[in-house]
Amino acid sequence: MKKILVVEDDPSMRWLLKNLLRSRYEIVTKNNGLEAFSWLSIQNIPDLIISDIKMPVMDGFEFLENLSISGLYKNIPVIMLTGIDEPATRKRCYDLGAYSYLSKPFKPSELLAKIAFPFVSKMFL
Amino acid sequence: MESTMHRAAISPSENLKTYSPIQVLQIHKASIIADQVSDYRPDGVCVCHAPLAQTLKMAWIDSSQIDAVIVDTECAIADIVSIREIADRNGVPLVLHTFKFDWKAKEIAFETGVDEYHIGYLDKQFIKRIKLIKRVKSFLNAKSGEQQLPLLLDQNPSDKSWLMKRSFDITISIFIIILLLPILLIVLPILKLETKGSILSSFKIVGKNYKIFELYKFKYLPSGSDKKITGIWQFLRKLHLVGLPQIINVLKGDMSLVGNYPILEQEAEKFTKDGIAWRFLAPVGIVGLWRFNPAEENKTDTWNTQQDIEYTKANTMWLDIRILFYHFRNLVVGGRDRKENEWMPHHPSMEDSMSNYISKEQAFNVATN
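Chains as they are written, first to last, in this note's numbering: chain S, 1 to 125; chain W, 1001 to 1369.
Watch out, some of these pointers could steer you wrong.
[Claimed, not checked] Here are a few chain S residues that face chain W, going by a calculated C-beta distance under 8 Å:
hint, residue
1, Met13
2, Trp15
3, Gln43
4, Lys104
[Said to hold, decoys possible] Calculated pairs, DSS-like style, for lysine-lysine (alpha carbon to alpha carbon, straight line, at most 30 Å):
hint, chain 1, residue 1, chain 2, residue 2
5, S, Lys104, S, Lys18
6, S, Lys54, W, Lys1128
7, W, Lys1131, S, Lys54
8, W, Lys1100, S, Lys3
9, W, Lys1270, S, Lys18
10, S, Lys122, W, Lys1100
11, W, Lys1143, S, Lys2
12, W, Lys1273, S, Lys54
13, S, Lys18, W, Lys1252
14, W, Lys1270, S, Lys107
15, W, Lys1104, S, Lys2
16, W, Lys1196, W, Lys1252
17, W, Lys1029, W, Lys1057
18, S, Lys104, W, Lys1273
19, W, Lys1134, S, Lys3
Calculated from the structure, these hints are not laboratory results.
Just so it is clear, CB atoms sit at the ideal spot from N, CA and C, and this is done for glycine as well.
Working from the sequences, and respecting the hints, build out all of it.
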């Protein structure tokens, strides 16, 4: 079963994402970028990451940038799932190396399709 | 022989401290390469060199003077593991470094458990990573030192009374069917004749845990091209029995007698956002807080959503019984009593959550407008 790391500060969204995905994927949830990196640092490697942007301690931009410049994590596809629906934010995420971008509220079917695509196409191998 | 590492790492010159944002100790397998003097890289990394054999013997790296230790793939896996142990003990990040991406190096990085695999020059990105690794290390140290408290944020609204709620649903549903059996035995054959086919219509509704199911209602238009609303349906409507087939949904476990407002799949997609996603934690209900709308004409999605979240957060058996009782009372009396203070419990958690949600929304609107 593929492992997905969900980085999200809102407890209701964490619960919803876990619930939507747990029948197909193994889910690990973390509150912010720093907690996510702490989990990664103890030799955990997810197959895909879903991250919010507005988070305390370490936001989605810093988290994404650090993933992209790391030789260990740069090949992990990252989907940014955020309440911000602005072209500038979207562009910044893609520039920082995001694989995809979805704004909240989101269609669960769309998210599932975006998650499945890298695994089917093997584009990140 | 006094090593370069000894000079650079243990007693760095004042110059190194002033001009270099980070200092790195590069470990070489060959001692000849290791004997070169410290060098400065354009982006502000100062590299001092040390031979592998001596580093292993010393088992000592000073984290106050060295920001990171670098090894390359020349070193054996066992040696990298030994260096990692030394670095871990002293809280110094260990980085495996190659100039070009190499799958084998990446595998070695995972196998040996180094903190990072860096590709290319020791540039600004390298500095950024080292700083973050140090931050993560101190975060982990601080976390292991303190008592692990359960995260308040992770305490979901209660879902404990599920079994009791399910038993209650089944018992009351069977009771309602038995009670209405005489009427149904007369009405259903007539409805079957009037609709000229199936007596049920269905809608795709999003229920508890975002599970999509078919919600049943009595059909009001006959099959085929005839668009005349059936007379028996209007009769059922007067008796508030159009939604009675939902009892089948309740018995199947798709929904509950008491719960949230039923919303269609495309509508549900508007609720997948911060704070209000909780509404999917409770089941859809035939009745619910949303039935006690103060004014039908003011019915809005926001009001319903507010009631749904309120119900999800409260969700007790006692509340279900009171909602059912007041709903039946309203049906009999014909009024549309809104929930009153004396029977509706006060939920501070709910108010906090809603006000947070509303203020977040407002802040977001202000930011985006």
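Inset, instruction - Given the hint that Lys18(S) pairs with Lys1252(W), test it: the Cα-Cα distance must not exceed 30 Å. - result: With a Cα-Cα distance of about 24 Å, the restraint between Lys18(S) and Lys1252(W) holds, given a limit of 30 Å.
Inset, instruction - Starting from Lys1270(W), check that the Cα of Lys18(S) is at most 30 Å away, please. - result: Given pair Lys1270(W), Lys18(S) holds - Cα atoms ~18 Å apart, limit 30 Å.
Inset, instruction - Below or equal to 30 Å on CA atoms is what counts here, so check Lys122(S) against Lys1100(W). - result: holds (22 Å)
Inset, instruction - Starting from Lys1100(W), check that the Cα of Lys3(S) is at most 30 Å away, please. - result: holds (28 Å)
Inset, instruction - Take a quick look at whether Lys1270(W) and Lys107(S) sit within 30 Å of each other, Cα to Cα. - result: holds (8 Å)
Inset, instruction - Take the C-alpha atoms of Lys1131(W) and Lys54(S), compute the straight-line distance between them, and say whether it is at most 30 Å. - result: Roughly 22 Å between the alpha carbons, so the hint for Lys1131(W) and Lys54(S) holds.
Inset, instruction - Mind checking the alpha carbons of Lys1134(W) and Lys3(S) for me, to see if they're no more than 30 Å apart? - result: Between Lys1134(W) and Lys3(S) the Cα gap is close to 26 Å, so the pair holds against 30 Å.
Legend entry - Lys1143(W) paired with Lys2(S) [C-alpha distance capped at 30 Å]: Cα-Cα ~28 Å, so holds.
Inset, instruction - Please verify that hint: Lys104(S), Cβ, nearest Cβ of chain W, below 8 Å or not. - result: holds (4 Å)
Legend entry - Satisfaction of hint between Lys2(S) and Lys1104(W), Cα-Cα up to 30 Å: OK: Lys1104(W) and Lys2(S) at ~23 Å, within 30 Å.
Legend entry - Hint consistency between Lys54(S) and Lys1128(W) [alpha-carbon to alpha-carbon, up to 30 Å]: holds (21 Å)
Inset, instruction - Measure nothing beyond the straight line between the CA atoms of Lys1029(W) and Lys1057(W); if it is 30 Å or shorter, mark the hint as holding. - result: holds (13 Å)
When held up to the earlier numbered hints, the structure conflicts with none and fits them all.
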